[in-house]
Amino acid sequence: MFPPFEEPEFAAQWELWIRGTFLHLFVQENGAWLWPTLETLHFIGLSLLFATVGVFDLRVLGVGRAIPPGTLHRLIPIGIAGYGLNALTGLFFFSGFPEQYFYNPAFWWKGTFMAIAGINVAAFYLSASFREVKLLPAGADAPFGAKVIAGTSLGAWMAVLVCGRLLTFYRPPFFH
Amino acid sequence: MTPLEIVCGWVENTSLSMWVRGESMLAFPTILSAHTLGMGFLAGTSAGIDLRLLGVANRVPLPELAKFYPVMWAALALNFASGTLLLIGYPYKAFTNPLFYVKLSLIAIAVYLAVRIRNQVLLQPNPDAASVLRAGRRMAAISLACWAGVILAGRLLAYTYTWLRVGMPNNF
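Chains A and B, in that order, give the protein sequences. Residue numbers for the first sequence follow my numbering, so the first one is 2 and each next one is one higher. Residue numbers for the second sequence follow my numbering, so the first one is 396 and each next one is one higher.
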């Protein structure tokens, strides 16, 4: 499988600081029930993102063209809630076992694709794309620029998911 | 040896099963990634339609949501294939865990509900009629609960098994 990641012999300052937080101790002491619970919530959160942002992206790309994208955009707050749930559960994961993430190549790949997805979100709302897409009537094809953004969004979130799944293959099997 | 041990033991010794469990990056990590992607698109798309029925984004025209079903069927096919490969890798681990049957049952209910939602709500001539929508809301709520249950059971499979392979108990 993948080579196990390497961590320094002595914990760095930032790691020692995290190891002194309440959250770190809470995750460490309650791992047996807490970890599977957090994992389940993390997967539900990602499904909510695919349920909302994914469906919206697919419409912009041309699936269900008779749906005006503006009406579908009302789903997005649920996707943001899913993202928030994943940021929160992610904070628990990282605080509990910081070295399992920081020194894990899959973690940095995941972060890279999250950054791409984030810049893409900014590009969508700050450019003319959002206004154009919001005003599209039923049956209308989205402009090419909006399609590129929707495709990037779908691709980036899929890559985030895959990198998240691969985290586990660089480290001991407790963390499946 | 019980019949289950004999069958699973035989499967575990096939070269396909050994490949799934083996060191290849194309095996377990790729199959599991594909299985999770399929979950995102299957549970996700179905949940998106459920949310619409429950009143979020309620100006989305219902009949057109049927156009998203091919995405769900593709994801279901991907997960049937990837799930079968994972099962070939660790058959005894799955079949000796009651949660595996819970997961499969919940998937069956959720897929059945998705079909019913399409036929009895989305594709009805008047899907926004109060009686049609009321039935749709009930099915959508159960569907969301089923998908959450599928994800919970699926996640717990990694933590609750008693046997990893035939003759290999899990030592937590």
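The hints are simulated quantities; they were obtained by calculation from the structure and are not laboratory data. Hints may be right or wrong, so weigh each one.
Distance condition first, Cα-Cα at most 30 angstroms in a straight line; then the derived BS3-like pairs of lysine-lysine [unchecked claim]:
| hint | chain 1 | residue 1 | chain 2 | residue 2 |
| --- | --- | --- | --- | --- |
| 1 | A | Lys148 | B | Lys462 |
| 2 | A | Lys135 | B | Lys462 |
| 3 | A | Lys135 | A | Lys148 |
All figures in this text were calculated on a predicted structure; none of them were measured in a lab.
| message | Of all the hints numbered above, which does this structure not satisfy? Sort the numbers upward. | response | none
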